[in-house]
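Given next are the chains, with one letter for each unit.
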Amino acid sequence: SAVISQKPSRDICQRGTSLTIQCQVDSQVTMMFWYRQQPGQSLTLIATANQGSEATYESGFVIDKFPISRPNLTFSTLTVSNMSPEDSSIYLCSVGKGSQETQYFGPGTRLLVL
Amino acid sequence: ELKVEQNPLFLSMQEGKNYTIYCNYSTTSDRLYWYRQDPGKSLESLFVLLSNGAVKQEGRLMASLDTKARLSTLHITAAVHDLSATYFCAVILTGNQFYFGTGTSLTVIP
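Protein chains in written order, with my numbering: chain A, 2 to 115; chain B, -9 to 100.
Read the hints as simulated data drawn from the structure, not as lab findings.
None of these values were measured; they are calculated from a predicted model.
For every residue, glycine included, the Cβ atom is placed at its ideal position computed from N, Cα and C.
One thing to keep in mind: the hints can contain errors.
To give a feel for the contact side, a few chain A residues facing chain B, derived at Cβ under 10 angstroms [claimed, not checked]: (1) Tyr36; (2) Ser43; (3) Thr49; (4) Glu59; (5) Ile91; (6) Gly107.
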């Protein structure tokens, strides 16, 4: 399994500002994933973060809005830039571990943009 | 475009009853996952189904996979209140990218 922590756990931000979310894993992993879960909705994959290369973004998500860093094999950050109320969501990071590549999720960061 | 659909979206059931949640997906995938999410919490892995015909059981929950029909089911036996949560299925494509279903919000009524 994997133990994943995220910071901050929640935040309230003003429109137009940016927030950086940190994700720390207790073991080295090749890929880390960032998801968004809007209120009452399912999870949507934002991007895949590989160490040593640029993140791969899903359709509808761009690097300028959601820059990602992956400085080593246990850590990643996701920045939500120039926020608007529509960015209010839960942001989760996850990693795949084990032969079955089970995805383990962090506790999430609950973001409210006013 | 990959679609992962669940039904029902909302399920209210009496304690002691049985019910099945369905997960349909639109593209070939050899692995399917079921997760549980309690309100305000993150996701907890329940089952990993790796091949056609796979069946796994844990307590009152049993999951199965039919890759030819692109269908997975999560069967609930003799529901209890503790099973109230939102359940998600997810399929995995290349690059270990997960795509989640729409979710089924289950409420078990005493």
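Restraint: Ile91/A near chain B, CB-CB cut 10 angstroms. Satisfied or not? 9 angstroms, holds
Per-residue hint verdict: Gly107/A, partner chain B, C-beta under 10 angstroms: Holds. Min distance 6 angstroms.
Interface hint status, Glu59/A versus chain B (Cβ within 10 angstroms): 8 angstroms, holds
Against chain B, is Ser43/A within 10 angstroms by beta-carbon distance? 5 angstroms, holds
Under 10 angstroms, Cβ to Cβ, is where Thr49/A needs to be relative to chain B, so tell me if that hint holds or is violated. 6 angstroms, holds
With chain B as the partner, please determine if Tyr36/A meets the hint condition of a C-beta pair closer than 10 angstroms. OK, holds: Tyr36/A within 10 angstroms of chain B, min 8 angstroms.
The structure agrees with every numbered hint stated previously.
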